[in-house]
Amino acid sequence: MFAEFGYGILLVSFLVTVYSLIAAVYGATGKSAALVESARRGMLLVFPLLTLAAGALVYLLVTSHFEVAFVYEVTSRSMPTYLKVTAWWGGQAGSLLFWAWLLAAFTSAVTIRKWERDIEFLPWVIVVNAITLIFFLGMVVFYENPFTRFWVVGGNVEPHMFAPAGATLFAAPDGNGLNPLLRHPGMVIHPPMLYLGFVSYVIPFSFAIAALITGRTDDRWIRLTRRWSLWAWLFLSFGLVLGGRWAYDVLGWGGYWGWDPVEIAAFMPWLTGTAFLHSVMIQEKRGLFKHWNMILVILTYALVVFGTFLTRSGVLSSVHAFANSPIGPFFMGYVALTLVISTALLIWRWPLLQSETEMKSMLSREALFLLNNLLFMSILVVCFWGVVSPLASELFTNQKVTLGPPFYERATAPLFAALMFLMGVAPLSAWGHSTVTTLGRAMWKSALAAVILTVVLFITYTQNYIALIGFFLIALVLLVTLQEFWRAARARQRAQGENFFVALSRLMGRNRRRYGGYIIHISMMLMAIGILGIEVFQTETQGALKQGEELTLEGYTVQYRELASWPDEADGVNYTRAVVDVYENGVYLGELTPRIDYYFDSQQNMTIPGNRSTLKDDLYILLVDWEPVSNAGATFKIFVNPLVNWLWIGSLLFLIGILFAAWPDRDPAEEPVRASRKVRQGVSA
Amino acid sequence: MKVNFTQKSLRATHYAILFLILLGSLFAASPAFAQENVPTDDEVNAIARKLYCPVCESTPLDVCPTQACHEWRELIRTMLAEGKTEEEITQHFVDQYGARVLAEPPKEGFFWLIYLLPPAVILIGVVVVFRSLKQWTKPKAAAPVQSAAQVQKDDYVSRLEEELKKKK
Numbered sequence: 000m001f002a003e004f005g006y007g008i009l010l011v012s013f014l015v016t017v018y019s020l021i022a023a024v025y026g027a028t029g030k031s032a033a034l035v036e037s038a039r040r041g042m043l044l045v046f047p048l049l050t051l052a053a054g055a056l057v058y059l060l061v062t063s064h065f066e067v068a069f070v071y072e073v074t075s076r077s078m079p080t081y082l083k084v085t086a087w088w089g090g091q092a093g094s095l096l097f098w099a100w101l102l103a104a105f106t107s108a109v110t111i112r113k114w115e116r117d118i119e120f121l122p123w124v125i126v127v128n129a130i131t132l133i134f135f136l137g138m139v140v141f142y143e144n145p146f147t148r149f150w151v152v153g154g155n156v157e158p159h160m161f162a163p164a165g166a167t168l169f170a171a172p173d174g175n176g177l178n179p180l181l182r183h184p185g186m187v188i189h190p191p192m193l194y195l196g197f198v199s200y201v202i203p204f205s206f207a208i209a210a211l212i213t214g215r216t217d218d219r220w221i222r223l224t225r226r227w228s229l230w231a232w233l234f235l236s237f238g239l240v241l242g243g244r245w246a247y248d249v250l251g252w253g254g255y256w257g258w259d260p261v262e263i264a265a266f267m268p269w270l271t272g273t274a275f276l277h278s279v280m281i282q283e284k285r286g287l288f289k290h291w292n293m294i295l296v297i298l299t300y301a302l303v304v305f306g307t308f309l310t311r312s313g314v315l316s317s318v319h320a321f322a323n324s325p326i327g328p329f330f331m332g333y334v335a336l337t338l339v340i341s342t343a344l345l346i347w348r349w350p351l352l353q354s355e356t357e358m359k360s361m362l363s364r365e366a367l368f369l370l371n372n373l374l375f376m377s378i379l380v381v382c383f384w385g386v387v388s389p390l391a392s393e394l395f396t397n398q399k400v401t402l403g404p405p406f407y408e409r410a411t412a413p414l415f416a417a418l419m420f421l422m423g424v425a426p427l428s429a430w431g432h433s434t435v436t437t438l439g440r441a442m443w444k445s446a447l448a449a450v451i452l453t454v455v456l457f458i459t460y461t462q463n464y465i466a467l468i469g470f471f472l473i474a475l476v477l478l479v480t481l482q483e484f485w486r487a488a489r490a491r492q493r494a495q496g497e498n499f500f501v502a503l504s505r506l507m508g509r510n511r512r513r514y515g516g517y518i519i520h521i522s523m524m525l526m527a528i529g530i531l532g533i534e535v536f537q538t539e540t541q542g543a544l545k546q547g548e549e550l551t552l553e554g555y556t557v558q559y560r561e562l563a564s565w566p567d568e569a570d571g572v573n574y575t576r577a578v579v580d581v582y583e584n585g586v587y588l589g590e591l592t593p594r595i596d597y598y599f600d601s602q603q604n605m606t607i608p609g610n611r612s613t614l615k616d617d618l619y620i621l622l623v624d625w626e627p628v629s630n631a632g633a634t635f636k637i638f639v640n641p642l643v644n645w646l647w648i649g650s651l652l653f654l655i656g657i658l659f660a661a662w663p664d665r666d667p668a669e670e671p672v673r674a675s676r677k678v679r680q681g682v683s684a
Numbered sequence: 000m001k002v003n004f005t006q007k008s009l010r011a012t013h014y015a016i017l018f019l020i021l022l023g024s025l026f027a028a029s030p031a032f033a034q035e036n037v038p039t040d041d042e043v044n045a046i047a048r049k050l051y052c053p054v055c056e057s058t059p060l061d062v063c064p065t066q067a068c069h070e071w072r073e074l075i076r077t078m079l080a081e082g083k084t085e086e087e088i089t090q091h092f093v094d095q096y097g098a099r100v101l102a103e104p105p106k107e108g109f110f111w112l113i114y115l116l117p118p119a120v121i122l123i124g125v126v127v128v129f130r131s132l133k134q135w136t137k138p139k140a141a142a143p144v145q146s147a148a149q150v151q152k153d154d155y156v157s158r159l160e161e162e163l164k165k166k167k
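Quick mapping for you: the protein sequence lines, in order, are chains A and S. Sequential numbering from 0 applies to the first sequence in numbering that gives the first Met the number 0. Sequential numbering from 0 applies to the second sequence in numbering that gives the first Met the number 0.
The following block holds chain S by itself, in its conformation from the complex (with noise of 0.2 Å):
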């Protein structure tokens, strides 16, 4: 049953979205568009791929196969027809459907963190393993052989010390 309401509910947005498409483009009908020079698929391509449509999770718009993507893909067509940049046609749709329709978020805000982080956490990792594999091998460096023999009878006979204390 979950199926099916979101199944509805994905096909109502996606003849929301056809609606407001075909809605932009009555109004985009201007002279221009009958100009001859028609945009070639591997043009609006090269922009679609950089979009998603916020239905379709994760499908790039250039392969993704609904009907509403073709609309999209239709309409990058029409502004690129009319003459208008990559960014002027990005920015529409950033505009219209918000940031998720880019393939990362803008570097700003809150959206910084996103990229930041990771960065930071893997330089604490580095950090931290370099410093204990410094300290690991330290001891070694600092004294001779002897010593780290040394050092592994005393940790054995603490050990047994403990364990002796323990048994008692």
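Just chain A, with the same shape it has in the complex (with noise of 0.2 Å):
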């Protein structure tokens, strides 16, 4: 009963959003606002439905309703609940599902809000929202329904939304269960984030359609939406992390980002969403890069879409399972058509996005976003052509090929060095007008103890170059960062004869966002101390041990002392645990559990590692294989992957900067609006 009220909430949500799309565009090309109100109420109505389809789904999967294919496929009855209930987007009907209520719930945000003065963006935000829905919900509708059941139809078993004549309905005694990978916290929490990341961005780009349909197109599209993409930057951030994390912990290859096509898919709309959150600037500061802000946007968009597609079409396996998913040529349809109507616009409205000032210096700030932007970019095709050249390779030469990480690490690493260059640079630079001198007059002191810090890192520490380079450009952003804070709060301290830290805390809660970003600029640098230490200096070594036999490694004694192994019926799962003991340098540290779960349902292992965690390393050890039946020996394998913590905490730093940029304003008051340039026209007219 709970499967046709869903699928019937569904078809009914569905119909309603497609209403409000049509009374949408004849609501603003008809002048009506009565019908635009129409549209309004309609979307508004769409959430609370959509709701009401996904509790029913979350209860059919509480409850193991079995008989439901999505069910059977991501459920088994072992599972704790709260496991049952993210199993909502274990699976591709029903991650589209989320997806769908995701956009509803944000649509809703949206229109709820008063619009006064924005009124004719409107019609539009709902059009284009109501299509990116109708795309999802149409998906969910005819080609992947969390609702198909199963019916025994002349002895053979298939699924149905509603019974064939003649059919009995099917219910499996337990289920497939879930991927024993996506039963981690991490991944619990992970795809919805970035879920809500990919999602939040339809929201800015719904506005900025909106500007170029109504020809409005000044900066208010971007006011209005810069902690939309403030917001949907924080969450994709965090999801990638996320993921980073869960790897590390739980797929057990001793690393947390792999050049996986389908981690990039998620990255790539993150580097867009990147270099949009600083152009945006420049457009709200200088009037400049108009265009480019419209093309940022649409790509995302794209990209966003792209990136499900990637993981939900089945195109990374192979170009030809695509062609045999129902969803994958629809998909790519749609983002095709979502490029070209969106170019189409885009062109049409080109006059109307001149620049309004001109770009006076190479090194004024301006240009430097530029710069970032065009570094951005940069790795971004690298990303993209790395995930579609294999499918091209596949679909020219029938031969398919791998691109694993040497090719996106050697072609990207240059990029982002030379992020981390621009990352020291520009926050020294004027808007409008810097040169050489204004800039060496602002840095040279932290050039400077950079320099000399690296040199005692090389007596020190390393030889290696890449490292050295590294830790130069760290040194450099973090010093000319925290001497930013100092300056101005020195300053500040001396205008108003403030104590320091009321100074420093008053200057930051003034500018939130320009400060907001130098924390996160800080927290980078911090996690690309991680990235580096184990990028560069991660070492590893394997052996078979014999019990009370040693493994050795940059100075630590692994020892096997016991292995158990032994089965959970309740959860379906043969744990084998290795206990082995750890010395530093001789000294008795503790004790590592690595483990290796087998999940009886999925035949699938989890290697599950043994990691000690210091601010020097990680001793991160793997149990790889064991005597079956008198666990005497036991094979491990040891990483030690060097200041890698730092990547964790670079991420907590990280957040907490997004949260200070982004969190909602007490007094809505409007800023300075580009007043010198207003003043500047006033006077010339």
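Be aware that a few hints might be false.
Here are the simulated EDC-like pairs of lysine to aspartate or glutamate, each with C-alpha atoms no more than 20 Å apart in a straight line [unchecked claim]:
| no. | chain 1 | residue 1 | chain 2 | residue 2 |
| --- | --- | --- | --- | --- |
| 1 | S | LYS106 | A | GLU583 |
| 2 | A | LYS399 | A | ASP259 |
| 3 | A | LYS545 | A | GLU534 |
| 4 | A | LYS399 | S | ASP94 |
| 5 | S | LYS49 | A | GLU534 |
| 6 | A | LYS30 | A | GLU119 |
| 7 | A | LYS30 | A | ASP117 |
| 8 | A | LYS545 | S | ASP41 |
| 9 | A | LYS399 | S | GLU81 |
| 10 | S | LYS106 | S | ASP94 |
| 11 | A | LYS615 | A | GLU583 |
| 12 | S | LYS49 | A | ASP259 |
| 13 | S | LYS83 | S | GLU42 |
| 14 | S | LYS49 | S | ASP94 |
| 15 | S | LYS106 | S | GLU87 |
| 16 | S | LYS133 | A | GLU357 |
| 17 | A | LYS30 | A | GLU115 |
| 18 | A | LYS615 | A | GLU561 |
| 19 | A | LYS399 | S | ASP41 |
| 20 | S | LYS133 | A | GLU355 |
| 21 | A | LYS399 | S | GLU56 |
| 22 | S | LYS133 | S | GLU103 |
| 23 | S | LYS83 | S | GLU70 |
| 24 | S | LYS49 | A | GLU408 |
| 25 | S | LYS106 | A | GLU393 |
Quick caveat, the hints were computed from the structure, so don't treat them as lab data. Given the structure is predicted, the values throughout are model-derived calculations rather than measurements.
Can you join these two chains into the complex? Each is in its own frame, and there are hints to help.
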């Protein structure tokens, strides 16, 4: 009954969205405020409707209704309730519904606000959101229905939504169970975070398109969606970081990022989103790059859909699987259509988007921001091509190829280094005009200190030139950024006669976006320390040990003590857990327990590392193999991952930085809008 | 259902690979097999790290937990024990399963495109950005401050006129 109810509600939501789309278009073109209002209310209705449908699905999941194909695929009786709930986004059909549900929520949040002087945007924002929602709901309703049930038809079990003639409902005694890799807490939050990020970017895009259609191409759309872009960026970044942590904790290969196409699918919109975050500031402050911001937001939207497409269409496993997948071509068509229509709109409005001022200097902040955008786009090119070219190879040469980490690392490392250099220089440059002399005067102290630090590292720590370049850049950015805090707080302290810390906190409170940004820069550098550490200095060894035997690596000694293996029938898992004693230079540090969990229903192994984490390094031990009956011998793989903890510390600070920048202001007063320019124009007129 | 199907086909592929490997190791069971200096895990992993099996996508062979990948590593050990070099071993896997077992495709034929396209596109980007930057900053360099104001004024006036025209 719940399945029919859920599907019925899905159909109704789909129809209501279609109605809202039509009403919004007619309302906007026919200048009927009543129709637009009707469209708005329609969109407001979709969210509660989809919540009901999602509620029905979650109910079916939690109560183990295995006659529903989706429930059968992603849950089993032994799973705890919270995992049954999160199984909602653990499979294709459910995750598409989850996408649609989030979009409906965001659309409601946008349409419920007071519109007043932005009322002309409203119908077109509804149109863009409705089209996106229709696309995703269409897939759920027509191709990937999570409410499809199993029926016995002439002795065969077949999935159908409604009973075929003479069929009886079939419920398996138990389900397949969620992929064990997805049972980690990180994986429970990681997909929703990514999806939140993905879906939030639909909102800035919808405003951009509304601005293009209405011809109101000033900065209003950017101001209205600034918070949305920041929150979208927050979610996406957080999702990426959680994914990395999950990989480190669960995938058992000693790393956090493998340049897997699925990871890159989420990374690409982050790249354009980050570029957008920077370049909108130039439009706000200087009235430049209006075309470019439109292009960026369109690209981000397309990449969001493309990212969902990559992970959902089967195209990554093979282009041929893609051709067989019902939703693959549908997705591809939608991405193409979006790009064509958006580009057409952009070309139509191109003349309205002229820059309001001119670029005065190659070293001005806006010029450096442009370079920053160029670098982000370059990384995007590498990533995009890295994902697409194996598909192209399969299509044109019928030969599959792998593009592993070496390809990406070689191509992106110099680009990341250049980005870091810009991060060190750009905060010191001024809007409008800067010269080598002004920049040099502002940064020579930090640069000198960074050089000294690098020399010290060269003598005491490493002679690896990649690491040294990296550490120099990290030191430069950290010092420049901290100096910016120091200088501004000192100036305020002198001017206002405040205590230094009061001055600092008031300063930051008044310029939250700027100082939030600086906190993010600092956090990025902490993350860079961790990344450099693990990428450049990671060491590993592997060996088979008898009880009491040892492996040594980088001053650590790992001694095999014992191993036990036992089934947990209730959880459907067989645990094999080794105990090893760890010494550092002869000093006993404690025991670690790497394990392998074998899931009966999916016949899958999960390798859980034993990890000892310090600020200096991580000792990361994997159980690779063991002698089955006697447990007398076992094979271990040991990694020493220097500095990697800084990656996670940086991630936390990063989160704080974004929250600091994005937290809603109590006073929504408009900021000064390029005041100087307006005055100038007023005078010249 | 789809998940089930792919899992089954994955498993089937795994078994096929396993079978091939077993077959291969039967043929490889020459006297050298019983050599005393068995290569260490680290020596095996040093080669395995650069290889990918066709089934476990994006997981390098040295850390892949599946049974098939385990067998591949044992095959590498056997070949090392036979005195084969890293190149020979890698080539063996390429011959058997195609270029996809490599972390990167070989630099030949169509594959050149994979390596050359990104730098080409980035270079175009760099040229475009620097040319536009030069263009944008030029008027200021060519003429004194006054003309910049003039340009701005003209710009404003022409826009105003345009707006007025539209109103009419």
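Between A:LYS615 and A:GLU561, is the straight-line Cα distance small enough, at 20 Å or below?
-> violated, 28 Å
Is it true that the CA of S:LYS133 sits at most 20 Å from the CA of S:GLU103?
-> violated, 38 Å
Going straight from one Cα to the other, do A:LYS399 and S:ASP41 come out at no more than 20 Å?
-> violated, 29 Å
Given the hint that A:LYS399 pairs with A:ASP259, test it: the Cα-Cα distance must not exceed 20 Å.
-> Holds - the C-alpha atoms of A:ASP259 and A:LYS399 are around 15 Å apart, at most 20 Å.
Distance restraint between S:LYS106 and A:GLU583, which requires alpha-carbon spacing of 20 Å or less = violated, 44 Å
Straight-line Cα separation of S:LYS49 and S:ASP94 no greater than 20 Å?
-> The given pair, whose Cα atoms are some 16 Å apart, holds under the 20 Å limit.
Take a quick look at whether A:LYS545 and A:GLU534 sit within 20 Å of each other, Cα to Cα.
-> Not OK: A:LYS545 and A:GLU534 at ~31 Å, beyond 20 Å, violated.
Distance restraint between A:LYS615 and A:GLU583, which requires alpha-carbon spacing of 20 Å or less = Status holds; Cα separation ~13 Å.
Does S:LYS83 pair with S:GLU70 here, judged by a C-alpha cut-off of 20 Å?
-> Holds, at roughly 17 Å.
Mind checking the alpha carbons of S:LYS83 and S:GLU42 for me, to see if they're no more than 20 Å apart?
-> Holds, at about 12 Å.
Would you check the hint for A:LYS30 and A:ASP117, treating anything up to 20 Å between C-alpha atoms as holding?
-> holds, 15 Å
Quickly compare the C-alpha distance for A:LYS30 and A:GLU119 to 20 Å and report which way the hint goes.
-> Cα-Cα ~10 Å, so holds.
Against the hints set out earlier in the document, violations occur for numbers 1, 3, 9, 18, 19 and 22.
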